[in-house]
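Asks: Produce the entire structure from the sequences given, and follow the hints as far as they go.
If you read the sequences in order, they're chains V and Y. Per the numbering used here, the very first residue in the first sequence carries number 1; after that it's consecutive. Per the numbering used here, the very first residue in the second sequence carries number 350; after that it's consecutive.
No wet-lab data here; the hints were simulated from the structure. The structure displayed is predicted, hence computed values, not measured ones. Glycine included, C-beta positions come from ideal geometry on N, C-alpha and C.
Selected chain V positions facing chain Y (Cβ under 7 Å, derived; list incomplete):
| hint | residue |
| --- | --- |
| 1 | Ala173 |
| 2 | Phe201 |
| 3 | Ala203 |
| 4 | Val244 |
| 5 | Pro245 |
| 6 | Val246 |
| 7 | Ser251 |
| 8 | Leu310 |
| 9 | His317 |
2 protein chains.
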Amino acid sequence: MSDYRIAIVGATGAVGTKMKEMLETSSLPIKEVKFLASIRSVGKKISFRDKLYEIEELKASSFEEMDIALFSAGGSISEVYAKEAVKRGCVVIDNTSAFRMSEGVPLVVPEVNKEALRQHQGIIANPNCSTIQMMVALEPIRKKYGLERVIVSTYQAVSGAGISAINELKQQAQDMLDEKTTIEANVLPCSGDKKHFPLAFNALAQIDVFSDEGYTNEEWKMINETKKIMSDDELKVTATCVRVPVMSGHSESVYIELKESDVTVADIQAVLSEAPGIILEDNPDEQLYPQPLNSVGKKEVFVGRIRQDLDVKKGFHLWVVSDNLLKGAAWNSVQIAETMHEMNLLKNK
Amino acid sequence: MSDYRIAIVGATGAVGTKMKEMLETSSLPIKEVKFLASIRSVGKKISFRDKLYEIEELKASSFEEMDIALFSAGGSISEVYAKEAVKRGCVVIDNTSAFRMSEGVPLVVPEVNKEALRQHQGIIANPNCSTIQMMVALEPIRKKYGLERVIVSTYQAVSGAGISAINELKQQAQDMLDEKTTIEANVLPCSGDKKHFPLAFNALAQIDVFSDEGYTNEEWKMINETKKIMSDDELKVTATCVRVPVMSGHSESVYIELKESDVTVADIQAVLSEAPGIILEDNPDEQLYPQPLNSVGKKEVFVGRIRQDLDVKKGFHLWVVSDNLLKGAAWNSVQIAETMHEMNLLKNK
Numbered sequence: 001m002s003d004y005r006i007a008i009v010g011a012t013g014a015v016g017t018k019m020k021e022m023l024e025t026s027s028l029p030i031k032e033v034k035f036l037a038s039i040r041s042v043g044k045k046i047s048f049r050d051k052l053y054e055i056e057e058l059k060a061s062s063f064e065e066m067d068i069a070l071f072s073a074g075g076s077i078s079e080v081y082a083k084e085a086v087k088r089g090c091v092v093i094d095n096t097s098a099f100r101m102s103e104g105v106p107l108v109v110p111e112v113n114k115e116a117l118r119q120h121q122g123i124i125a126n127p128n129c130s131t132i133q134m135m136v137a138l139e140p141i142r143k144k145y146g147l148e149r150v151i152v153s154t155y156q157a158v159s160g161a162g163i164s165a166i167n168e169l170k171q172q173a174q175d176m177l178d179e180k181t182t183i184e185a186n187v188l189p190c191s192g193d194k195k196h197f198p199l200a201f202n203a204l205a206q207i208d209v210f211s212d213e214g215y216t217n218e219e220w221k222m223i224n225e226t227k228k229i230m231s232d233d234e235l236k237v238t239a240t241c242v243r244v245p246v247m248s249g250h251s252e253s254v255y256i257e258l259k260e261s262d263v264t265v266a267d268i269q270a271v272l273s274e275a276p277g278i279i280l281e282d283n284p285d286e287q288l289y290p291q292p293l294n295s296v297g298k299k300e301v302f303v304g305r306i307r308q309d310l311d312v313k314k315g316f317h318l319w320v321v322s323d324n325l326l327k328g329a330a331w332n333s334v335q336i337a338e339t340m341h342e343m344n345l346l347k348n349k
Numbered sequence: 350m351s352d353y354r355i356a357i358v359g360a361t362g363a364v365g366t367k368m369k370e371m372l373e374t375s376s377l378p379i380k381e382v383k384f385l386a387s388i389r390s391v392g393k394k395i396s397f398r399d400k401l402y403e404i405e406e407l408k409a410s411s412f413e414e415m416d417i418a419l420f421s422a423g424g425s426i427s428e429v430y431a432k433e434a435v436k437r438g439c440v441v442i443d444n445t446s447a448f449r450m451s452e453g454v455p456l457v458v459p460e461v462n463k464e465a466l467r468q469h470q471g472i473i474a475n476p477n478c479s480t481i482q483m484m485v486a487l488e489p490i491r492k493k494y495g496l497e498r499v500i501v502s503t504y505q506a507v508s509g510a511g512i513s514a515i516n517e518l519k520q521q522a523q524d525m526l527d528e529k530t531t532i533e534a535n536v537l538p539c540s541g542d543k544k545h546f547p548l549a550f551n552a553l554a555q556i557d558v559f560s561d562e563g564y565t566n567e568e569w570k571m572i573n574e575t576k577k578i579m580s581d582d583e584l585k586v587t588a589t590c591v592r593v594p595v596m597s598g599h600s601e602s603v604y605i606e607l608k609e610s611d612v613t614v615a616d617i618q619a620v621l622s623e624a625p626g627i628i629l630e631d632n633p634d635e636q637l638y639p640q641p642l643n644s645v646g647k648k649e650v651f652v653g654r655i656r657q658d659l660d661v662k663k664g665f666h667l668w669v670v671s672d673n674l675l676k677g678a679a680w681n682s683v684q685i686a687e688t689m690h691e692m693n694l695l696k697n698k
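Replies: Right under this line is the structure:
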């Protein structure tokens, strides 16, 4: 009865490829998969659990026989096709920002707010990569000690900007090592913006386009999504989002202020060491702290460098790292599907 | 009368090389230069203003005929030889951390606290690279509006760890681009520590060794040096220091809280645009913000992404970038010498 037919929209992308991998090892009972992409990729073969599939062209009718659709082909594709999929009885788990802040669309990190899934009306939004890992790290602390304020500075990997950005960074790095005088930049910091800058051996304090108050869209996403996921409009959140020359694995320097007093570093370590989806890597004596390079291919969020602020007793600093393509995107999406299955929120046709 | 004889200690290092370059174009009247290094480099030739000099072995007697000595050969060398130089009548400008927190040793960023130079007893300390650029950016704001609190997360380049670290990063980057399975790491994050990790396409939340309260020495330097330079023990400062795969150019995500209310982003931009040693690069509409790659070879500190905190009215965020080898080290040292000359604090034998 409950074997699902699942479509991946944007199957050839950086995230789509990882969605396939996450589904291959998923506990979700799967009857059929369908790989959808733009006309360019149609006919290419993708293997799934030892079977070869041909990539099909994305059309409204693609969803007719499907139960679940995982979207990661850009916001404009989701805006057009997510509703078509829902009309045809699909549950959509959308990895773009198209519906994240829409009312009636649960924005879900399973470790944090899976109960919100019960309110879905067909579309569930997967939060922004940099938001997800911060939520996993902060929710257990918030639940136990209350959370007053968050200030985050990110160190974000290039894979969040897609395969073309990964290739651009590789080419730039090679050209710089070869001491070429001209370094080409056509994608980063943001493919939709006017100017492009090299990222290799550089750091770009712009992710997505600029918006209100001098903040970028990426920064607004972290701010607004955090409040929605934690259901706390009063929570103080500010973000500075920076792209660094890392292939995969986002890092975050997070400052928090708790509501409760008299909390120690050991208390926070104890809470996090038992929290779901977290690996505590926090031992200065052994130089143990999370590193983006070590996070690649892992589903967990790594937390370390936990320190009390030197001036504000309720203030703490954390270093939070995770594979942005997995927990930040593909794994969180598949995990939402698994969670919905466990909660009996999925049907099949 | 006032033509100086200047020695550079550590002349072959990443900073020593830049000290030579800064002296070559300096306004300081120079009669003679002496390049000192370890026995390994003795006999090698260095050109200075079209004249060739042989590197000499560092000895106590090296300073006998010298007026000024610029040290950048590691703390242990400074500990032994700085006092020998002072005994012989030299003014020492020391770029290591050996004497920075010592009483009677001015810790100077000329734009901020040049008056402290009058109290010197032979040794003047050059602050830590990441501290200097933050001081240049924050002092004009502090002077006008008062400063209550600083939280900084750094994105530090590898050249601060010396030439061996630069070469290691290049080799690691090439090996990773070539998809080699073993990536060697023998220097970073900190040559004096037990374990070494790759920095290429990675981010390491450790600079220098770990110390009290889970903070690294680099973090303590930023905290303690800031209070000393600004002569404000009550100032709240906390730092998270992170090495990123950038060759030169430190970046900093700085959060500040002012004492005064009703300050706007435009006010801060106006103050910084007229402040010494600062180039304001802050125009989101034109995607103008500081980039470490663009800072290389420049003496100034670049400031941009100035935003009001979304929750705390007196809170502001800044992105501060500078060439760590120049303003962060060699230029600040030579600038101290120029400033002392202008203040009539230098003598020659």
